[in-house]
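Going down the list, the protein sequences come from chains A and B. Basically the working numbering = 1-based index in the first sequence + 108. Basically the working numbering = 1-based index in the second sequence + 347.
Note that these hints are calculated values from the structure, not bench results. The structure displayed is predicted, hence computed values, not measured ones. Incorrect hints may have been included.
As the list claims (entries may be wrong) - Below are the DSBU-like pairs computed for lysine-lysine, each with C-alpha atoms no more than 30 Å apart in a straight line:
1) Lys465(A) x Lys505(B)
2) Lys474(B) x Lys483(A)
3) Lys505(B) x Lys472(A)
4) Lys468(A) x Lys391(B)
5) Lys469(A) x Lys505(B)
6) Lys505(B) x Lys432(A)
7) Lys550(B) x Lys373(A)
8) Lys416(A) x Lys550(B)
9) Lys432(A) x Lys391(B)
10) Lys382(A) x Lys550(B)
11) Lys432(A) x Lys474(B)
12) Lys469(A) x Lys474(B)
13) Lys268(A) x Lys355(A)
14) Lys495(A) x Lys483(A)
15) Lys431(A) x Lys505(B)
16) Lys391(B) x Lys431(A)
17) Lys468(A) x Lys505(B)
18) Lys419(A) x Lys474(B)
19) Lys391(B) x Lys465(A)
20) Lys495(A) x Lys550(B)
21) Lys465(A) x Lys576(B)
22) Lys576(B) x Lys419(A)
23) Lys382(A) x Lys182(A)
24) Lys325(A) x Lys432(A)
25) Lys472(A) x Lys576(B)
26) Lys474(B) x Lys431(A)
27) Lys576(B) x Lys373(A)
28) Lys331(A) x Lys373(A)
29) Lys576(B) x Lys468(A)
30) Lys576(B) x Lys469(A)
31) Lys313(A) x Lys596(A)
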Amino acid sequence: METLLEMRNIVKRFGNLVANDHIDFEVRRGEIHGLLGENGAGKTTLMNILYGIYQPDEGEIIFEGKKVRFKSPKDAISAGIGMVHQHFMLVPRMNVFQNIVLGYRTPHDPLINQKWVEERVEALSEKYGIDVALYETMMNLSVGEEQRVEILKALFRDVKLLILDEPTAVLTPQEVDSLFYALKSMTKSGLTIIFITHKLKEALKVTDRITVLRRGKKVGSVKTSETNERELTRMMVGRDIVLDITKPPREFGKEVLRVEDLWVKDERGNYAVKGVSFSIREGEILGIAGISGNGQRELEEAIAGLRKVEKGRIILDGQDITKKGVMERENIAYIPEDRIGVGLAPSLSVLENLMLKDFKKYRKGIFLDFGEMEKRGRELIEEFSVKTPSLHSSAGALSGGNIQRLILARELSRNPRLIIASQPTRGLDVAGIDYVRRRLIDAVMKGAAVLLISEDLDEIFQLADRIAVMYEGEIRGVVDRERANYEKVGYLMAGGLEVTA
Amino acid sequence: MRDIITPIASIAASLVVVGILLAAIGINPLEAYAVMFTSSFTSKFGLAELCVKTTPLIFTGLAVAIPLKAGLWNIGAEGQLYMGAFAASVVALYSNLPGYAMLPAMFLIAAIFGMGWAAIPAVLRAKFDLNEILSTLLLNYVAIYWVEYMVYGPMRGKEVYNFPYTDLFPDIATLPRFFGTRFHLGFFIAIIIAIAIYYLVNKTDFGFSLRVVGANPRAADYAGISRQKVIIYSMLLGGMFAGIAGMIEVSGIQLRLRPLISTGYGYAGIPVALLASGDPLLVIVSAALFGFLYVGGSVLQTTYSVPVAIVYVFQSLIVLFIIAGQSLRRRG
């Protein structure tokens, strides 16, 4: 088969983060090519570059034998590339017909040639087995139907290459089957498809070849017929232990946190945490492994007091805190995944951010004692080596590593009983990663309990005393670190069903 | 230092654009600006008028600035001002309070009515997440027409020859004036309140919470700061000062209630607060600048017959340039 697309040596940086690190990517005409990797591996970034949303910092793109540069999605579309995003780009108040035609020039432009559109849509529907009700308002459609509209919209524009970003994330199993059927029939008539996913099974089921990315780098490309879940897991999660940190042996003390049959909803009102139970003791680190979006955020927010618990109980040091507010959970430290968006007020000063949770303690009469706050702030940036020009410079100007140190300084200095650390080292450089991990170990040595939520299996294996895998809102078995097996945990993370002993 | 560049550049750019407009209608802009300047700063009456115009602008500037610190847009200072003026007028005309209690009572009732008027959008925003820009803006019309109705109807005075005015306030309900000009006590009250608010915002735990909510609402939730409380309190404070502005206008300048007691002071509070980037002490400075524009604008009208609307052009331009400058900075 001839090569349709080649991306050579693509580099894309966001500040200090290298999202795509010299990636070579090649797609052949008429295949379904799986792009596999964990969240944050760089899959979507790479495809956004191809689709003209981002400009690469280095590298080139060759499409149909010609070197191309897409300055915007418009260029990509006119070259014959379509993309269906994870979050659909449709106008809810318009009907299907209007959404399909939106931005497209039918014959007799500026008038819309309704008959021509109808015939064309009908032909496409028939050819690929995609049914849509052309005059139904988008708002009344199910998610699966919306996706079909997105696909049809792309086909309507005569694409040669169709990019699907995590298309199954929102679908029911039946919808997944019919999507796969449609994809197969599209390739039969010459269309090429790139299928972005982090689910192994789906990649194995529907693709012809698979390229695996990990931490912004390409691990390799394989033929689907010549690989298996085990090999793909290894490629996806990798095994390169960056750092060597020794955990001193400890005695675990009494139970600090117990979570009993916890049910929590996400923003859309669906259950994201479905009956989760576990406990953590003094001096213990419980690692929750899993791909982001499987209910981890809702779980940690519920424990931190930021999200309502629908059912179940949270018990901290023997006290039921299920209904308590954040202020009443001051024994819980929370290092959120979204450091800048949640853990920081970026336009405020370093000092104000250090005092975000404790400022009320510095009240003296009606005023706050800023002298005392500054004294404490200076101690904290010293102790946690936060590099900042001054206590009064804005916190948002700090580097990623220093922002995390600032958050650690604030959270850990309050002598918490429980520390929730969510993706605590994501995006940090080696020194930063090392620092954060050592701090967490220090904290458990002093008797705190740690709930470590991470997609990084190396991190889980390095730090955790027990490991739980979270998948689709449930916890799939809790295992002691010594008895846990790297491949098996990775397999469970990717949706494998087997329960480890 | 970059914080200062945007407002100054915005003023300069607005001066240039207004200058072009003046030139287009055949007026030498430099000469016109010179006339504006000398008439405001070189005579006792000019300075007094400057302070007279600056006073309500300090209050309405604060009325916008405090919610702005919490990330909220109070577009309703105008309406809150009218409600304050209305309430103060009712007390002044119908209460028969003794002299020592009259002004304090007017002050208090105006504050309460301004607060009450701001409480509606505040609660709607805090409880139901209803956009406060729309609700505050629309309530302005209700308040303005309410005052109009009152002075055309129930509150119309007996000695006003059928004009839509109330009777003049009794002397005990008017603010003391000084130097034989219209310069009145309200100016000092405004300055004192602005300084107090500076301490409130920068030195108290409420101010701390306010700034966290404004900087990142999600971080406020995360730190356990009650966002609803901050939203409501900051809007109430804002409404209170707009209400006080209304009382000060009727009892210091107009000495009666009538339609159009405010020539857009409430709306002018928006550029005043923006130009000061919400800092209560800087609000005094930017209010003085806008006060100067009002005084200078009416001088332009008498000297060159330029409609006073040129002042509103200037105000709007400053808002535009500040917003443009901020978005440029965010990108740069």
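Evaluation of the provided hints:
{"no.": "1", "hint": "Lys465(A) x Lys505(B)", "verdict": "violated (60 Å)"}
{"no.": "2", "hint": "Lys474(B) x Lys483(A)", "verdict": "violated (38 Å)"}
{"no.": "3", "hint": "Lys505(B) x Lys472(A)", "verdict": "violated (55 Å)"}
{"no.": "4", "hint": "Lys468(A) x Lys391(B)", "verdict": "violated (48 Å)"}
{"no.": "5", "hint": "Lys469(A) x Lys505(B)", "verdict": "violated (59 Å)"}
{"no.": "6", "hint": "Lys505(B) x Lys432(A)", "verdict": "violated (61 Å)"}
{"no.": "7", "hint": "Lys550(B) x Lys373(A)", "verdict": "violated (39 Å)"}
{"no.": "8", "hint": "Lys416(A) x Lys550(B)", "verdict": "violated (33 Å)"}
{"no.": "9", "hint": "Lys432(A) x Lys391(B)", "verdict": "violated (62 Å)"}
{"no.": "10", "hint": "Lys382(A) x Lys550(B)", "verdict": "violated (45 Å)"}
{"no.": "11", "hint": "Lys432(A) x Lys474(B)", "verdict": "holds (20 Å)"}
{"no.": "12", "hint": "Lys469(A) x Lys474(B)", "verdict": "holds (28 Å)"}
{"no.": "13", "hint": "Lys268(A) x Lys355(A)", "verdict": "violated (53 Å)"}
{"no.": "14", "hint": "Lys495(A) x Lys483(A)", "verdict": "holds (16 Å)"}
{"no.": "15", "hint": "Lys431(A) x Lys505(B)", "verdict": "violated (62 Å)"}
{"no.": "16", "hint": "Lys391(B) x Lys431(A)", "verdict": "violated (64 Å)"}
{"no.": "17", "hint": "Lys468(A) x Lys505(B)", "verdict": "violated (56 Å)"}
{"no.": "18", "hint": "Lys419(A) x Lys474(B)", "verdict": "holds (24 Å)"}
{"no.": "19", "hint": "Lys391(B) x Lys465(A)", "verdict": "violated (52 Å)"}
{"no.": "20", "hint": "Lys495(A) x Lys550(B)", "verdict": "holds (26 Å)"}
{"no.": "21", "hint": "Lys465(A) x Lys576(B)", "verdict": "holds (16 Å)"}
{"no.": "22", "hint": "Lys576(B) x Lys419(A)", "verdict": "holds (27 Å)"}
{"no.": "23", "hint": "Lys382(A) x Lys182(A)", "verdict": "violated (42 Å)"}
{"no.": "24", "hint": "Lys325(A) x Lys432(A)", "verdict": "violated (44 Å)"}
{"no.": "25", "hint": "Lys472(A) x Lys576(B)", "verdict": "holds (22 Å)"}
{"no.": "26", "hint": "Lys474(B) x Lys431(A)", "verdict": "holds (20 Å)"}
{"no.": "27", "hint": "Lys576(B) x Lys373(A)", "verdict": "holds (25 Å)"}
{"no.": "28", "hint": "Lys331(A) x Lys373(A)", "verdict": "violated (39 Å)"}
{"no.": "29", "hint": "Lys576(B) x Lys468(A)", "verdict": "holds (15 Å)"}
{"no.": "30", "hint": "Lys576(B) x Lys469(A)", "verdict": "holds (19 Å)"}
{"no.": "31", "hint": "Lys313(A) x Lys596(A)", "verdict": "holds (20 Å)"}
The earlier numbered hints that this structure contradicts are 1, 2, 3, 4, 5, 6, 7, 8, 9, 10, 13, 15, 16, 17, 19, 23, 24 and 28.
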